[in-house]
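K.L.:
Start from chain A and add chain B according to the hints.
2 protein chains.
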Amino acid sequence: MTDDVTFTIHAHDGAARTGVLSFPRGDIRTPAFMPVGTAATVKAMYTDQVRALGADVVLGNTYHLMLRPGAERIAALGGLHKFMNWPHPILTDSGGFQVMSLSKLRKLTENGVTFQSHVDGARFELTPERSMEIQALLGSDIQMQFDECVKLPCSDAEAERAMRLSLRWAERSRKAFFGKKGHAVFGIVQGGAVPSLRIESAKALSDMDFHGLAIGGLAVGEPQEVMLDMIETVMPHLPAHKPHYLMGVGTPDDLLKSIMRGVDMFDCVMPTRAGRHGLAYTRFGRINLRNARHTDDGRPLDELSTCPAARDYSRAYLHHLVKSNEILAMMLLTWVNLAYYQDVMAGARQAIVEHRLADYVSEVQAGWARGETAP
Amino acid sequence: MTDDVTFTIHAHDGAARTGVLSFPRGDIRTPAFMPVGTAATVKAMYTDQVRALGADVVLGNTYHLMLRPGAERIAALGGLHKFMNWPHPILTDSGGFQVMSLSKLRKLTENGVTFQSHVDGARFELTPERSMEIQALLGSDIQMQFDECVKLPCSDAEAERAMRLSLRWAERSRKAFFGKKGHAVFGIVQGGAVPSLRIESAKALSDMDFHGLAIGGLAVGEPQEVMLDMIETVMPHLPAHKPHYLMGVGTPDDLLKSIMRGVDMFDCVMPTRAGRHGLAYTRFGRINLRNARHTDDGRPLDELSTCPAARDYSRAYLHHLVKSNEILAMMLLTWVNLAYYQDVMAGARQAIVEHRLADYVSEVQAGWARGETAP
Numbered sequence: 110m111t112d113d114v115t116f117t118i119h120a121h122d123g124a125a126r127t128g129v130l131s132f133p134r135g136d137i138r139t140p141a142f143m144p145v146g147t148a149a150t151v152k153a154m155y156t157d158q159v160r161a162l163g164a165d166v167v168l169g170n171t172y173h174l175m176l177r178p179g180a181e182r183i184a185a186l187g188g189l190h191k192f193m194n195w196p197h198p199i200l201t202d203s204g205g206f207q208v209m210s211l212s213k214l215r216k217l218t219e220n221g222v223t224f225q226s227h228v229d230g231a232r233f234e235l236t237p238e239r240s241m242e243i244q245a246l247l248g249s250d251i252q253m254q255f256d257e258c259v260k261l262p263c264s265d266a267e268a269e270r271a272m273r274l275s276l277r278w279a280e281r282s283r284k285a286f287f288g289k290k291g292h293a294v295f296g297i298v299q300g301g302a303v304p305s306l307r308i309e310s311a312k313a314l315s316d317m318d319f320h321g322l323a324i325g326g327l328a329v330g331e332p333q334e335v336m337l338d339m340i341e342t343v344m345p346h347l348p349a350h351k352p353h354y355l356m357g358v359g360t361p362d363d364l365l366k367s368i369m370r371g372v373d374m375f376d377c378v379m380p381t382r383a384g385r386h387g388l389a390y391t392r393f394g395r396i397n398l399r400n401a402r403h404t405d406d407g408r409p410l411d412e413l414s415t416c417p418a419a420r421d422y423s424r425a426y427l428h429h430l431v432k433s434n435e436i437l438a439m440m441l442l443t444w445v446n447l448a449y450y451q452d453v454m455a456g457a458r459q460a461i462v463e464h465r466l467a468d469y470v471s472e473v474q475a476g477w478a479r480g481e482t483a484p
Numbered sequence: 110m111t112d113d114v115t116f117t118i119h120a121h122d123g124a125a126r127t128g129v130l131s132f133p134r135g136d137i138r139t140p141a142f143m144p145v146g147t148a149a150t151v152k153a154m155y156t157d158q159v160r161a162l163g164a165d166v167v168l169g170n171t172y173h174l175m176l177r178p179g180a181e182r183i184a185a186l187g188g189l190h191k192f193m194n195w196p197h198p199i200l201t202d203s204g205g206f207q208v209m210s211l212s213k214l215r216k217l218t219e220n221g222v223t224f225q226s227h228v229d230g231a232r233f234e235l236t237p238e239r240s241m242e243i244q245a246l247l248g249s250d251i252q253m254q255f256d257e258c259v260k261l262p263c264s265d266a267e268a269e270r271a272m273r274l275s276l277r278w279a280e281r282s283r284k285a286f287f288g289k290k291g292h293a294v295f296g297i298v299q300g301g302a303v304p305s306l307r308i309e310s311a312k313a314l315s316d317m318d319f320h321g322l323a324i325g326g327l328a329v330g331e332p333q334e335v336m337l338d339m340i341e342t343v344m345p346h347l348p349a350h351k352p353h354y355l356m357g358v359g360t361p362d363d364l365l366k367s368i369m370r371g372v373d374m375f376d377c378v379m380p381t382r383a384g385r386h387g388l389a390y391t392r393f394g395r396i397n398l399r400n401a402r403h404t405d406d407g408r409p410l411d412e413l414s415t416c417p418a419a420r421d422y423s424r425a426y427l428h429h430l431v432k433s434n435e436i437l438a439m440m441l442l443t444w445v446n447l448a449y450y451q452d453v454m455a456g457a458r459q460a461i462v463e464h465r466l467a468d469y470v471s472e473v474q475a476g477w478a479r480g481e482t483a484p
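Protein sequence lines, in the order shown, are assigned to chains A and B.
The first sequence begins at 110 in the numbering used here and counts up by one.
The second sequence begins at 110 in the numbering used here and counts up by one.
Hints are supplied without guarantee of correctness; some may be wrong.
Identical copies go unnamed one by one, so any copy, or any two together, can satisfy a pair.
[To be verified] Subject to a maximum C-alpha distance of 25 angstroms in a straight line, what follows is the list of computed PhoX-like cross-link-like pairs (lysine-lysine):
id, residue 1, residue 2
1, 312, 366
2, 432, 213
3, 290, 191
4, 289, 191
5, 432, 284
6, 312, 284
7, 432, 312
8, 432, 191
9, 152, 351
10, 284, 366
11, 284, 213
Calculated directly from the structure, the hints in this document are not laboratory data.
Remember, predicted model here, so these are calculated numbers, not experimental data.
Same shape as in the complex, but just chain A:
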């Protein structure tokens, strides 16, 4: 890495590690959960709330931002950090995943992808070079290589084709990035659910001088065991001194099990999306506030929570807000969920330092399994 970007591991516990990934804009404590700020906003949250919960970095989506409001526009306005009022590190994805899942009339070639915007039908092209250019225009601290992510299950041949294309795009992405001081670029391991392909991808990317390595193409419909198997398969072939980022994952259980297998960074829409749909993640497990059993329940979600939204409002009130489609329901439950995710990560970091991660994970899982007694 350049001197301006460093990754220091402070402690190990089995395959798990805790440390700090440092940028001029700030430190990212790992293992880290990155809230997703798709369209330059972590939905239903003020940025100072996101920060106060312990988030050191948020994720922005290249695909969404290039379509609206446009990368050149954000650059002219001073970059994404200023635009969204988040002065801390930002990771941007490459746009590859969402081009495949959201855009219309797309055409994939060796050079890249041409597609139609899902917003207004305008034509766009995304290539490794354009993706890196957009991410630089946004001012992203951690930029991701442009890749092709296939849905699982898929044929081995399809997984292999996409993996090899992603490797060629990795080389072009790395070259297009070309050492921007104080910024980093990560490669992305692909290869579907085929161990040999995953290993080949990991090895090839490890030789390419990325600042970190991501595992992509998981949490796309496969069972948790398949995901964990792939992590275990890949991990020995990733440079141990570089950060490992598992993209788009997952439930709190996914996070803890992945941390035990050596993952340092995560992003996922789950806590924010669930919060907009009446679901709360708590140390008692996931609670569906839409359920009628909360109608007369005067208890808060968790009186010991660090989050005011979990302490200062009754379940009956949250149920009422959810049933009434009130914006405050989304605000409070997103807050609760991001707080819980960050608390789980903080607990994992502390447990690794104290070499008791397995015990910590068991305790947290036991809390979910125990659930709660009725009011």
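P.N.:
For chain B alone, kept in the frame of chain A given last:
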């Protein structure tokens, strides 16, 4: 008034007054703007934000709360203050206005109104006695008499019929309230746009020992001059030592002109509703953030505002959030609007103390008229 509820006028400036309406739960500085918390939430706002902006009291809607989650349920959960996490004074309307505007299959008799819920079709009855019972169950600090509000324009005969019915309901409401310590009940002047009816209503209510008097049935479609005429007509017939509340009004201009005519309290959905529709109230006038002219405008809404949402985000960003239908757009613009409304009220209170209200109003109006230069 009872000793537990006092209204002290500190200064006059022409017909305008400034003072404090005191309850065991807290003081309301007048002239006061009450944000509307229809369904036990000021939409898109945390209660501590509402408080920090200078709101001393919020309004709850009896009609909405009786239908969902139900008055008896809120009482069992400890009352509306605890339910919505707002420990300061709450004013509740009587339900009369919304029964007429929102419910289905309603039937009006001397006794009250039977109607079908717009939420689930269930049958309800609202009478003066039931309205007061519901408001007491909610724990409302300021309860409003049950009245019938007609839409303007209407025939003089219709205005007279509704006014007289409202007077009979006022007597029943006052009797049903029966001196709850630390709480207040207000009568509501009706009479459409007919001066003689308004005067008759005001005089009759003034004899009924209410803690305050409201002017209802305005801001229902009539021009501003008609509204101001009615205020001027009514005001000499209201007890000067009791608070005067103009219901459901209005724009910042409506507020200032009404304050100059002796109004002490206001409520209106305008700042919160406008905030959910991309409109910002500022000292430069109303700004429509949906407008394409903001696309590349890096300036904040008002760099001198007391509200972070008006200072820390560019118009380009707010435009982007509005166009993208992001929840944060509604959160930020509602915040901006309530901040501006409270600032206007604070300025008016100060100006009355300094006997320069007319100058203050002229300055504020000049700011709106001047607007802004292009970026």
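K.L.:
Now tell me if each hint is right for this structure.
P.N.:
Tested hints:
With identical chains, the CA atoms of residue 312 and residue 366 are at most 25 angstroms apart within one copy only, with a shortest distance of 23 angstroms there and 74 angstroms across copies. When the C-alpha separation of residue 432 and residue 213 is checked against a cutoff of 25 angstroms, the pair qualifies only between copies, where the shortest distance is 20 angstroms, while the shortest distance within a copy is 34 angstroms. In this homomeric assembly, residue 290 and residue 191 come within 25 angstroms of each other (Cα to Cα) only inside a single copy, at 19 angstroms, whereas the closest approach across copies is 52 angstroms. In this homomeric assembly, residue 289 and residue 191 come within 25 angstroms of each other (Cα to Cα) only inside a single copy, at 19 angstroms, whereas the closest approach across copies is 53 angstroms.
With identical chains, the CA atoms of residue 432 and residue 284 are never at most 25 angstroms apart, being 52 angstroms at best within one copy and 35 angstroms at best between copies. In this homomeric assembly, residue 312 and residue 284 come within 25 angstroms of each other (Cα to Cα) only inside a single copy, at 18 angstroms, whereas the closest approach across copies is 84 angstroms. In the homo-oligomer, the alpha carbons of residue 432 and residue 312 never lie at most 25 angstroms apart, since the shortest distance is 51 angstroms inside one protomer and 44 angstroms across protomers. Proximity of residue 432 and residue 191 under a CA criterion of 25 angstroms is satisfied inter-copy only: 19 angstroms between copies versus 36 angstroms inside one chain copy.
Taking the shortest Cα distances, residue 152 and residue 351 never come within 25 angstroms of each other, neither inside one copy (30 angstroms) nor across copies (45 angstroms). Taking the shortest alpha-carbon separations for residue 284 and residue 366, neither the intra-copy value of 34 angstroms nor the inter-copy value of 66 angstroms comes in at or below 25 angstroms. Taking the closest pair of Cα atoms, residue 284 and residue 213 never come within 25 angstroms of each other, the shortest separation being 29 angstroms inside a single copy and 67 angstroms across copies.
In terms of the numbered hints stated before, the structure departs from hints 5, 7, 9, 10 and 11, listed from lowest to highest.
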